[in-house]
Structure formats: C-alpha cells, structure tokens
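**Student:** As a plain string of letters, each chain reads:
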Amino acid sequence: MSREAILNQVRTALGRSAGEGIAEPPAVRLRVADVDSETRTASMLRAVEALAGKTARAATCEDARAYVAAVLDGKTAVASNAPFLRECGIVDLAGVQPGFTDAAALRAQCATAQVGITSADYALADTGTLVMLASPAEARLISLLPPVHIAVVGKDRVLSGLDELFTILPLPAEQTSSMVLITGPSRTADIEQILVRGVHGPGEIHVVVVG
Amino acid sequence: MSVAFDEKVHSTLADANLQLAIYRATGRLIDHRKQAVAATALPDYQELRTQANAIKRHTIEHLDHYLEQFEGNVTAHGGKVIWCQDATEVADFVLGLAKARGAQLIVKSKSMTTEEIDLNERLEHHKLESVETDLGEYILQLAHQRPYHIVAPALHLTRYDVGDLFARTLGVANETVPEKQTLIARAVLRQKFLAADIGITGANFLVADSGAVTIVENEGNARLTTSAPKIHIAVAGIEKVIPRAQDLAVFLKLLGRSATGQALTVYTSFLSGPRRAGEIDGPEEFYVVLLDNGRTRLLADRGKRESLYCIRCGACLNHCPVYRKIGGHSFPWVYSGPIGAIITPQFLGIQREPSLPFASSLCGACAEVCPVKIDIPKVLLDLRAEVKQAEQRSGTNRLERLAFKLWAWVMCHPRIYEMAAMAAAGVAPAGDGKWLRRAPALMNLPPVRAWLSQRDLPPAPAKSFRDLWRKR
Chain A
264 MSREAILNQV
274 RTALGRSAGE
284 GIAEPPAVRL
294 RVADVDSETR
304 TASMLRAVEA
314 LAGKTARAAT
324 CEDARAYVAA
334 VLDGKTAVAS
344 NAPFLRECGI
354 VDLAGVQPGF
364 TDAAALRAQC
374 ATAQVGITSA
384 DYALADTGTL
394 VMLASPAEAR
404 LISLLPPVHI
414 AVVGKDRVLS
424 GLDELFTILP
434 LPAEQTSSMV
444 LITGPSRTAD
454 IEQILVRGVH
464 GPGEIHVVVV
474 G
Chain B
2 MSVAFDEKVH
12 STLADANLQL
22 AIYRATGRLI
32 DHRKQAVAAT
42 ALPDYQELRT
52 QANAIKRHTI
62 EHLDHYLEQF
72 EGNVTAHGGK
82 VIWCQDATEV
92 ADFVLGLAKA
102 RGAQLIVKSK
112 SMTTEEIDLN
122 ERLEHHKLES
132 VETDLGEYIL
142 QLAHQRPYHI
152 VAPALHLTRY
162 DVGDLFARTL
172 GVANETVPEK
182 QTLIARAVLR
192 QKFLAADIGI
202 TGANFLVADS
212 GAVTIVENEG
222 NARLTTSAPK
232 IHIAVAGIEK
242 VIPRAQDLAV
252 FLKLLGRSAT
262 GQALTVYTSF
272 LSGPRRAGEI
282 DGPEEFYVVL
292 LDNGRTRLLA
302 DRGKRESLYC
312 IRCGACLNHC
322 PVYRKIGGHS
332 FPWVYSGPIG
342 AIITPQFLGI
352 QREPSLPFAS
362 SLCGACAEVC
372 PVKIDIPKVL
382 LDLRAEVKQA
392 EQRSGTNRLE
402 RLAFKLWAWV
412 MCHPRIYEMA
422 AMAAAGVAPA
432 GDGKWLRRAP
442 ALMNLPPVRA
452 WLSQRDLPPA
462 PAKSFRDLWR
472 KR
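Residue numbers (my numbering), protein chains in the order written: chain A, 264 to 474; chain B, 2 to 473.
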C-alpha cells in the first residue's frame, strides 16, 4: 500500500524509525501589537480603501442600516444569519432575503442576487482583512457569488493583525470546517499584468464598522 | 545542452516582444515585492525569513511524524487522506471516485502539483471534463500550453493573443480589453462552477495540528472550487506540511509579499474536512491526496534536502537574470527559474537535462530573495558536481578530462606554459578578437562551435606579462 511505502521511504531517507519522537519545534512566533481600538479601526478602514474597497463608520446600528439601504437602492440581496445583521435590522430591508438554512436554496439565491450581506467574525487592522468562519450564522457562498459584498462588523471585532488572530484562535479547525480571510475585492492581473477586479468573487466590497 | 533546450532558449532570445513581456512582468513583480518587504512596510522581514526557514527545516527533518499527525486530524474532521506515489495513482484515485459518484465535470483551481502530474490530460483521456478556473490557467488550457511562471502563468501572452484565442475557442467576439475578456471568462466559468461535481485544488500549506489545507489566491476561483461542488480533492506534495496553524502567521506574511507584493492575497482559505453539522454550505466529501512523485528520493539527500522548503512564491524567477532572458518555457519541466533548475534534476533524475544546473550565473539573487532561505546557488553547485561525476563514471567526458589534464600539466610547467603562450601569440592576429571563429576547421567541430558561438579568444597583446615583468 502506498501509505506504508511512502512513510517507509520518508523514514529511510531521514534515518528515523516508526513512532520515533521529535525534537522540540521552533517556538511559535506571534507578536501582538498593543494598539487601541480607535487606531485599529481607522487602520483597517484605510487598508480596505487602499485596495479599492468602500468603507463606512457607523456610530449606531441605525446608521449601518441606512448605509446598507443606500448601497442596495433597489438591488436584490442575500443576507447571512449573523445575529448582528438581525440586531441592526438589516435583514428587514427591502429586497433582502435572509434566513437560508438549506444549501441548494441558498446557492440558487446567491447565483442571482446582486448583493451578499454578511457580518464577519473578525477583521484585521493592518491588512484590511475580513475573517469569515463558516457556521450556521455564516455561509460560504454569500460573500462569494454575488458581485457585491457588504460586511457589517462590530468595532470590537477588529484585531491588530494575523498574530492576534492566531493568538485568540490557535486552532480554527476546532470551530469550523472553513475559515476564509478576505482582503479586498476579487482581482486578477493575468492578462498583461493589467489589474481587473471582480473575476470570480465580488468586484465590489463594502466594509461597515459599527461602534 | 539538449537540442530542445537550446532551441527554446534561442527562439525566446530572438523574440523581441516576448523579451519585453518577460522583462516588464518580472520587473513589476520585483518592484512590488521590494516595496512590500521594505523595512517601513515589514520591519521584521528578516526575522520572519529565519523563522520560516527554521520551521521548514524542523518539519522536513521530522516529516513522517507531521504527515501522520496531519492524516490523523484530517480523519478526525471527517476527511480522508489518500497517499500516492506517482501520477498514475492520483489519476486512478480521482477516476475511481468520479466513477463511483457518477461525476462528469471537474473544476480545478491553479496547482503546480497537478501540472507536475498532467492531471487534466489524464482525466480528459478518460472522458472527464476538467476545467482550469484561474484566469491565466484557463487561457493556457484553451491554448494547450503549460504555465510560463509559477504565479503569473500566462505572462507571455498579450491581450491580442487572448482575444484571438477566446474568439477561436469560445465562439465569442474578439475582445482585446482585459476587463471584457475577464467578464467573458467569468460567465463561462460561473456555469462550470455551478454544474461541477468535483473541485480539485492544490495546497499552499498542509497544517498538521488542524488537518487543514490552506490555499491562497486572488480571484475567488479556489473558494468556488472548494465551496460549490459536493466533493473537494486537494492534491499536495508531502513537503507542504507545517506543524501548527499559528505558523501561518509567519508564512502568510512572507508568501503574498514575495510573490506579488501583497500583504495578504485577496483570499486565504483554511479548510479542514467536509462541511459540518449546522454549517449551511460547503462540500460533503473532503480528500487530501499526499503525493510523493520523487520527493522522498530528494529527501534522502541531506545536502540538498532544503530544496523541499520551497513555498512556490516565484520570487527567484523574477530576480533571476537567466529566467528573465530565457523565460519559462525553455525549462524542461513545469517548474522554471532557479527553483526549477534545482528541483527538476532531483525529481526526474539529472539525465533529463544535464545542462540545467549550468544555466545559471550563480549571482545569488535567488537566495537573497527566497522567503524560506533556500541556498539555491549551493544546491546548483552540488548538482553540477553530480553531473560531472556521472559523466566521469560513464566516460562521456574523456575529451574534456584529457583537455583539463593537459591544461593542468601546462600550468604546472612554467617553461612549457611560456612556449605555448608564445606559440598562441604567434598564431593570433591582433584585431577584433573574433579570430578563432574564422577558422573553419575548428568551427566544424560541434562542441567547439557551441562554445565559440558566444565567445572567442581576445587578440594577443604585443608583449606578454612575463616579458614586461622581466624588463621592469
């Protein structure tokens, strides 16, 4: 069987025997910057804008709802089941379809909807990244199939960067089958290195920070 | 140098448009990387490189342990690990699974590992449709070409090439604007994603403590490949494993910056197993194919083992003065540039293209930009030694050895050397320094011709150094 053959070849190559212990691996290297919440939020929004994403600061849920309503402006949308979107009343906006629990129905809706609305589990200040964990609250396709993605995130969710993410989430696989980091709109430069946005994922991304 | 290698090099050098395309594309990637790793942008860049190298070294030295840990965690999350020694075993697995599930359409995201084993061709041979979905790879699949560069696969094609290609193969109007061409590809591929039965990806990292596959990309095609179909198969070389999810904080900071100058690529997916109870979407089956295909042979060589640390960022290609002239298709296999020059002979055997380790000026730019600090020039030198040792064993370099013996003998005997120098000076006319190549008898000897096509002996000076020294 190939499993044993490959493992045996690896062990022979390394001069190791089956079940042999290992040396101590290099210490984990995580440096969490001590940055206050306001600075983190400002940095995150700047980074999103630098990637041609659109941003908004909303003092309250009502403000966030008003921003999303203005972006929608009659477009059809799918919203995730994130409690935050319900709290902010975003799921009740005209044209918004929330509450999908069935994969096939969600997929059919996402394939035609013009906008996908989600929250995010975390956001990263230094790179302008949204961190999305698949769960009953967040599906994978809402932030992927529609040409526009709006993410509404609480200010307390903004972390300094990757190091802080992996400090508070050392084993993401214990929580989800899929953690996706989203940094700006979908893009390519495969033809003559000319930047084109919106290849397979959304070409337009809005990040709204509430609080 | 094989005839094929020689011909491809010369046709690339003679193509002015191609030279400009390579020069511009790699130049832009060089600039982007330079800004991204500058001290102002990433103050701890060198520390991160050192850490990345230490993690890779540790993992490769204990590879069996981490592969078993990875397998255990994939299984614990409801996935399955398939161990394959070569291309045939991978194709057999995919074909068997496709048959069992009645699958006909496969979508693929960019993967050098599947290029390495010609997976598309093998699947299509068995009447499965396997569609590349990265824009560059899709273009190449339509054009029946292999990638020109690890991260910019279609850098050698112009938008006019793409316009003609789309018109010819897709039956659409000939569009020459990249935005419009991208929309054409998006529309075609979107239907493929929604209809596909199986999604096949590569993997940038296999995370042992999580049983997770990590994939970085910019377009969203890898996300679609791993989210829309019911089955996800990731094909990865066994060297892709890293110990901990937390190590990604090091590697992700280096990979995007080294490849395209991005702090992070647009999408980074961390996937462990099929979708779980309660999760709304995602694949129902999750497989990771662990591929050997020559890697364990390489692993056995302690001195060159570090070749397996590579994270395929492509920075060494962009910075290589040889790659920037001869391009990606001159190289004998799917991996090009400095990293291709060291792993191709080790994966396929040195006889595949014995001149490959010599196609380098050993300037060291590759080692300087390598995010995991592979000492590529050192490995090239080791490979050169191997080529020469093999020639010695087979006796194919008798003439060369004789010439060097003669040379050594002359150099060790000052009187003989002086006489030889005087004789040479007597024959060599003063002038343009192209005298040897005007000697027809010499030029008819193939090895001499190859050598002299780029070089000649300089004209002899009126007085030799020894003369001047004596009369000082």
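Read the hints as simulated data drawn from the structure, not as lab findings. The C-beta atom is built at its ideal place from N, Cα and C for all residues, glycine as well. Be a bit skeptical, because a hint or two may be false.
Derived EDC-like pairs (lysine to aspartate or glutamate); straight-line CA-CA distance at most 20 Å [to be verified]: (1) B:Lys100 / B:Glu69; (2) B:Lys181 / B:Asp162; (3) B:Lys181 / A:Glu455; (4) B:Lys81 / A:Glu455.
Distance windows between CB atoms, simulated [claimed, not checked]: (5) B:Val173 / A:Arg320: 38 to 44 Å; (6) A:Ala374 / B:Ala17: 28 to 34 Å; (7) A:Thr364 / B:Thr76: 49 to 55 Å; (8) B:Arg102 / A:Asn271: 47 to 53 Å; (9) B:Lys389 / A:Arg309: 36 to 42 Å; (10) B:Asp93 / A:Ala374: 31 to 37 Å; (11) A:Ala367 / B:Tyr161: 54 to 60 Å; (12) A:Pro288 / B:Tyr161: 49 to 55 Å; (13) A:Glu350 / B:Gly103: 42 to 48 Å; (14) A:Glu350 / B:Ala40: 50 to 56 Å; (15) B:Pro459 / A:Pro288: 55 to 61 Å; (16) A:Thr375 / B:Ala40: 44 to 50 Å.
Partial selection, computed: residues in chain A whose CB lies under 7 Å from chain B [as the list claims (entries may be wrong)]: (17) Val354; (18) Ile431; (19) His463.
**Student:** Give a verdict on every hint.
**Tutor:** Right, here's what the structure says about each hint:
no.: 1; hint: B:Lys100 / B:Glu69; in the structure: 28 Å, violated
no.: 2; hint: B:Lys181 / B:Asp162; in the structure: 14 Å, holds
no.: 3; hint: B:Lys181 / A:Glu455; in the structure: 14 Å, holds
no.: 4; hint: B:Lys81 / A:Glu455; in the structure: 39 Å, violated
no.: 5; hint: B:Val173 / A:Arg320: 38 to 44 Å; in the structure: 43 Å, holds
no.: 6; hint: A:Ala374 / B:Ala17: 28 to 34 Å; in the structure: 45 Å, violated
no.: 7; hint: A:Thr364 / B:Thr76: 49 to 55 Å; in the structure: 28 Å, violated
no.: 8; hint: B:Arg102 / A:Asn271: 47 to 53 Å; in the structure: 31 Å, violated
no.: 9; hint: B:Lys389 / A:Arg309: 36 to 42 Å; in the structure: 56 Å, violated
no.: 10; hint: B:Asp93 / A:Ala374: 31 to 37 Å; in the structure: 34 Å, holds
no.: 11; hint: A:Ala367 / B:Tyr161: 54 to 60 Å; in the structure: 42 Å, violated
no.: 12; hint: A:Pro288 / B:Tyr161: 49 to 55 Å; in the structure: 51 Å, holds
no.: 13; hint: A:Glu350 / B:Gly103: 42 to 48 Å; in the structure: 44 Å, holds
no.: 14; hint: A:Glu350 / B:Ala40: 50 to 56 Å; in the structure: 43 Å, violated
no.: 15; hint: B:Pro459 / A:Pro288: 55 to 61 Å; in the structure: 56 Å, holds
no.: 16; hint: A:Thr375 / B:Ala40: 44 to 50 Å; in the structure: 48 Å, holds
no.: 17; hint: Val354; in the structure: 15 Å, violated
no.: 18; hint: Ile431; in the structure: 11 Å, violated
no.: 19; hint: His463; in the structure: 4 Å, holds
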